[in-house]
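Q: Sequence:
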Amino acid sequence: MATAGLAEPRRQDRTRPAKPSQPPDDESGTADDESDPSPPVDDADAAADLIRRKIRALPPNLDRDKATRRLVALLARRGYSPSTAYSVVKQELAAANYF
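With this note's numbering applied, the sequence shown corresponds to residues 324 to 422, in that order.
Simulated from the structure, these hints should not be mistaken for laboratory data. Treat the hints with care, as some may be off.
To be verified - Okay, derived cross-link-like pairs now, DSS-like style, lysine-lysine, Cα gap no bigger than 30 Å in a straight line:
hint, residue 1, residue 2
1, Lys413, Lys389
2, Lys389, Lys377
3, Lys413, Lys377
With the hints as extra help, turn the sequences into a complete structure.
A: Shown next as C-alpha cells:
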C-alpha cells in the first residue's frame with residue numbers, strides 16, 4: 324500500500340564522515356608543527372618490527388623463498404611499497420639466520 328504525497332526521508336551516507344566546510348581556526352595545518360609529542364615513525368622501522376614478530380611465528384622447515392614471499396605479501400597488504408617490503412624482509416631474514 325503506497326502513501327500518497329509523502330516523500331521518503333533522505334538517508335545519510337554513513338560510509339563517509341561529514342566534511343567540515345572550513346578548517347578550525349586553532350589549527351595551523353603545518354606538517355612541521357612541534358606540538359606533536361610523538362616523532363614520526365619511519366616506515367622501514369615499523370615494517371621491520373612487524374617482520375621480526377612474524378619470523379618467530381613461521382614454521383621452522385619453511386623454505387626461505389616461500390617465507391620471503393609470505394612476508395613481502397604481508398607488508399604489501401599493509402600498504403608498504405614493494406621495494407621497502409623486499410629490502411626489510413631480506414634484511415630481517417638475514418639477521419634472524421633464517422635459511
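Q: Now, for every hint given, state plainly whether the structure supports it.
A: Quick rundown of the hints versus the structure:
Of the supplied pair hints, the one linking Lys413 and Lys389 holds, its CA atoms being roughly 12 Å apart against a limit of 30 Å. Our distance criterion of 30 Å between C-alpha atoms is met by Lys389 and Lys377, whose separation comes to about 14 Å. Between Lys413 and Lys377 the CA atoms are separated by roughly 13 Å; this keeps the pair inside 30 Å, and the hint holds.
In terms of the numbered hints stated before, the structure departs from none.
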